Structures are given as C-alpha cells and as structure tokens.
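Q: For the protein sequence lines, the chains are A and B, in the order given.
Quick note on the UniProt record's numbering: the first sequence kicks off at 1 and runs consecutively.
Quick note on the UniProt record's numbering: the second sequence kicks off at 1 and runs consecutively.
One or more hints might be untrue.
What the hints assert, rightly or not - Okay, the calculated beta carbon distance ranges per label pair: (1) A:L3 x B:K176: 35 to 45 Å; (2) B:K124 x A:M2: 47 to 57 Å; (3) A:L24 x B:S194: 46 to 56 Å.
Unchecked claim - Coverage of chain B stretches by chain A, computed from C-beta distances (three or more under 8 Å per stretch; other residues unrestricted): (4) 54-60; (5) 100-109.
Quick caveat, the hints were computed from the structure, so don't treat them as lab data.
Note that the structure is predicted; figures quoted are calculated from it, not measured.
All residues carry an ideal CB built from backbone N, CA and C; glycine is no exception.
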Amino acid sequence: MMLRALSSDWLKIRGKGIWFLAALGPLGLVAMQGLNFGLRYDYLMKQYAADPWGGLLQNILSFVPIALFLGCTLICSLMANVEHQLSSWKQLLALPISRTAVYSAKFTLAVIILLVSCLLLSAGTAGLGLVLQLERSEMPIADVLRIGVAPFIASLPLLALQLWLSLTTKNQGLPVAIGLTVSVLSVFSYKLHDAIPLKWPLLAYTGPGALQVIAGGAILGACIVGLGLIHFNRRDVD
Amino acid sequence: MSAFVIQTKNLTKTYKKQAAVKNVNLEIQKGDIYGFLGPNGAGKTTTIRMLLGLIQPTRGSIELFGKELKKNKMDILRRTGSLVEYPSYYGHLSAVENLEAIRRITGGPVARIAEVLDIVQLTKDAKRAVKGYSLGMKQRLGIAAALLNNPELLILDEPTNGLDPSGIQEIRELIKNMPRQFGITVLVSSHLLSEVEQMAEKVGIIREGELVFQGRMEELVSKASSGFRLAVSEPEEAMGRVLDMGLDGRIKGQLLELGPLTDAQIAKLVRHLVEQQHDIYRVEEKRKSLEDIFMQMVGEGSAS
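Produce the entire structure from the sequences given, and follow the hints as far as they go.
A: Encoded structure:
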C-alpha cells in the first residue's frame with residue numbers, strides 16, 4: 001500500500017522544482033567552498049598542509065547543518081503544497097488507501113530526496129577535492145561518505161517535525177517560519193548543549209559519541225513520525 | 001445485508017457545540033439517483049465528508065453496502081467514487097497523469113484511464129496540463145477520477161457548481177446515464193432543486209443540519225406546485241365550467257387561477273374545456289422555489 005502511494009507521489013512532484021532544489025543545495029555548498037579555496041588557495045593549503053582533505057571537509061561541514069535544515073523545511077513544504085494547493089487531500093484520502101500509507105509514503109519520499117541530496121554532497125566534495133588537486137590516494141573515503149549521511153540521519157527529528165507541520169497546516173507560513181528560524185539558529189548550534197537536537201548534525205560527524213547521536217536522531221525521528229501519524233490519522237479533512 | 005447502499009442513523013457532527021449535522025437518517029437504495037438538496041451551509045458537504053470517512057461523526061452510525069464504515073473503510077472506499085465540492089487536481093500534470101496518480105494507488109488497468117476520459121469526453125485534451133482547462137473540463141476530469149475504479153456508488157458533491165448552462169447540461173446527461181449504463185448508484189448534492197429535479201428519482205432535503213424531507217421526487221414536486229394558470233378563450237365562461245366540476249379557482253385578468261391539482265384532475269379539466277369548444281393557449285404550473293418549500297417544511301416541522 002505504502003509503495004503504491006509512494007509511486008503516486010513520485011509522479012505528483014514532477015515539475016515542481018523539488019529535484020532541482022535537491023541538487024542545488026549540495027552543489028551550491030560545494031561551489032561556495034570551491035570559491036573559498038579558489039580565492040585563498042595558497043593560504044588555506046598552507047594552513048591545512050598536514051591534512052588538506054580534513055581541512056576541506058571541515059569547511060564544508062560548517063554549512064551542512066543549515067543546508068540540511070533548510071532542505072528539510074523546503075522539501076516538506078513543497079511536497080505538502082502539492083496536496084494543499086487545490087485541496088487534493090479530500091480526493092486522496094477518499095481513495096481506498098490508509099492514511100498511514102499516505103503519510104509514510106510522504107516521509108519516505110522526503111528521505112529519498114534528501115538522501116540523494118546528501119550523496120550529491122559527498123560526491124561533490126570528492127570532486128572538489130580532486131579539482132583542488134588534493135592527493136587522490138589520500139582521499140578519506142569513509143569521511144567523505146560520512147559527511148553526507150551522518151548529519152542527515154541526525155537531522156531526521158527535524159525532518160519528521162517539518163513534515164508533520166507542513167502536511168497538517170494549510171498555510172505553509174508557519175512551518176516555513178519555524179524551519180527558517182531553526183536553520184538560522186543552527187549556525188550557532190556548536191555553542192549549544194550536546195543534548196539539544198539542533199546540535200546533532202554537527203555532533204554526528206565530529207563526535208563525541210557520534211554513533212549514539214546518529215542512533216538518537218533515528219529514534220527521535222521515528223518517535224516524531226509516530227506522533228505525526230497518530231494525529232494525521234485522527235484529523236478531520238476539510 | 002440491508003437493501004440500502006447508504007444508510008445513516010442519527011448521524012451528527014458537532015463543531016464547538018454547534019451542530020453542523022443533526023440526526024440525519026439517509027436511506028439510499030441500489031440504482032437510485034439520489035438528490036441531496038439544501039442551501040449553502042446546510043450540512044450537505046459535512047454529511048458527504050462523513051460518508052467518505054474524511055471527517056469523524058460526533059454521533060450516529062454510517063453503513064455503506066450494508067457494512068459499517070468505520071470497520072470496513074478500505075473495502076467500502078474501493079467500491080466508491082467521489083467528487084467533493086470543487087474538483088481536486090494537480091494543475092501541473094496532464095489529465096492522463098492526474099488519473100495515473102490515482103490509478104497507482106487504486107490499482108486497476110492502465111487502459112481504464114482512456115476509458116474514463118472517453119466517458120467524460122476529454123480524450124482530445126488528455127495530454128494538456130490541467131491548469132489550462134476550463135472549469136467545466138476540470139469538473140469532468142473530477143468525474144473521470146471518480147469513475148476510475150469502476151465504483152458501484154458515486155458520491156458527487158455539487159458537481160455542477162460554477163458551470164455554465166451547457167456545462168451543467170453535459171454533467172447532468174453524464175450522471176443520468178450512470179445507473180442505466182453502468183448500474184451505479186449515485187448520490188448527488190446541489191443547492192438548486194431545478195438542477196436535481198431533472199435527474200434524481202429520490203431526494204433528501206437538509207436544512208440547518210436536519211433532514212426535513214426524504215422521499216420520491218414526485219412527492220416533492222407535488223409539494224412545490226401551488227396551483228395552475230390557464231389561458232383560454234372566453235375565460236369567464238370557462239371559469240363557470242371549472243366551478244361546475246367542483247374545482248376551486250378565480251379569474252385574474254384573462255387567466256384562470258386554480259389551486260394545486262393532480263395530473264388526473266388537470267387532464268380531465270383540459271379535456272372538458274376542449275370538448276366545450278374553448279381554445280386553450282397555455283397551461284402553466286405555478287411553482288414555489290426550493291427556499292419556499294424549505295420554509296414550508298420547517299414550518300410544518302415546528303407546528304407538530
């Protein structure tokens with residue numbers, strides 16, 4: 001059932017600019033660092049002489065949380081808007097499909113889109129490193145993959161929250177405002193206590209306790225999806 | 001299994017202590033075209049949303065196909081097609097893609113998409129983005145979507161709302177053919193009696209959340225009639241003959257004004273006048289508007 005809804009959603013987001021946005025985010029991040037390293041190549045290479053790949057990853061990482069949070073917010077809102085725009089909920093939910101299937105399909109699709117985004121970031125980072133003539137043999141492949149995937153899993157709670165808000169409020173102003181606020185705050189997240197989920201995307205890569213943070217993100221994300229699902233199932237559809 | 005396709009018992013929906021729908025007992029039989037009438041805001045859409053499981057009733061039970069909606073929702077929805085208020089569609093997709101998005105959920109053969117597009121005569125425009133469609137075409141697409149899964153029951157909420165006369169005509173013909181061609185039971189709501197009158201055999205009238213009338217269309221039409229007007233030659237003489245027949249009436253200008261009559265009575269009267277060499281120019285039925293009937297029914301309700 002869920003797969004049917006997913007296949008339907010796959011068709012519906014066509015031509016909505018969602019995939020474009022998913023590609024723009026990571027490529028923009030990479031381009032920004034390309035500019036940073038391009039302009040100050042000699043200075044930065046000297047600074048990171050001991051571990052140039054590590055330096056590149058560190059620079060990318062500082063913008064990963066804000067990009068992820070923005071991505072979660074916008075993707076959820078755009079996806080929800082496909083249904084909100086012409087009140088398609090009443091048609092969709094009068095079809096022989098459970099609301100659980102509809103909701104989980106939307107969540108799954110959001111995860112797939114953002115995962116593609118994150119893998120693009122990993123690929124883009126590797127590509128940028130090579131363009132900057134960092135040593136190919138020294139490329140820390142595990143770290144390059146980790147920078148895409150680990151912060152993403154740690155931001156699942158926010159994705160779940162944004163999806164819930166976006167799907168259940170017709171006016172997207174509220175969820176987008178909340179998402180933007182969180183994104184901006186994430187710039188200062190390194191100052192926060194480790195227990196606050198805003199900091200998790202950062203911690204999931206740098207540690208301490210990276211694995212626990214990733215597990216925590218997955219668990220808290222699942223809990224929020226569960227709560228959203230209960231609410232969505234009981235809701236009256238106008 | 002009961003004989004009704006739709007049966008509700010004491011169906012009630014309360015919003016913040018205000019009842020939008022109060023103790024509604026709908027009874028719709030297989031093969032009926034059931035007209036669900038009421039002014040805007042009377043509770044038609046709320047009732048229909050409850051029938052489709054979109055909103056939860058505060059009280060009362062709903063049975064479709066003789067099964068309780070709550071427990072058999074998937075099975076019931078599989079046999080039901082619906083169009084709730086204005087049509088829902090994805091504007092950036094074409095008609096075929098819109099229907100494909102639904103078909104992917106309901107299953108069923110791809111060929112059915114072409115079939116339903118043909119039924120609503122959209123085959124020619126099937127590949128265009130729906131946002132460029134006229135309102136009538138969007139409405140027809142909505143009906144196509146409702147028909148996609150070969151439903152046994154079609155629930156259409158205000159399907160002709162906002163359409164021009166030719167669009168209304170098209171949709172009406174489409175609906176009229178449903179029971180005949182496909183054996184589908186149809187529930188169609190409207191705020192205009194004249195619209196439903198031409199297709200429905202049974203009607204339910206809802207006013208301020210309460211069902212004030214449910215019965216055959218003829219019963220309602222006889223209530224709507226408040227008398228006849230006859231234009232005849234020699235009206236004074238003709239009036240005398242009317243009174244001789246034991247019917248009530250009076251002369252107004254050149255016209256005879258008579259009270260409500262049955263079909264048999266009016267036939268007998270006309271025949272009698274013709275036999276007496278009167279020319280009959282016109283026989284008009286004076287009819288009350290839907291709103292008048294509502295008022296009358298509500299008046300009756302509070303008197304008893």
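Q: Indicate, hint by hint, whether the structure satisfies it.
A: Evaluated hints:
| no. | hint | in the structure |
| --- | --- | --- |
| 1 | A:L3 x B:K176: 35 to 45 Å | holds (39 Å) |
| 2 | B:K124 x A:M2: 47 to 57 Å | violated (36 Å) |
| 3 | A:L24 x B:S194: 46 to 56 Å | holds (54 Å) |
| 4 | 54-60 | holds (count 3) |
| 5 | 100-109 | holds (count 7) |
Of the numbered hints listed earlier, the single one contradicted by the structure is hint 2.
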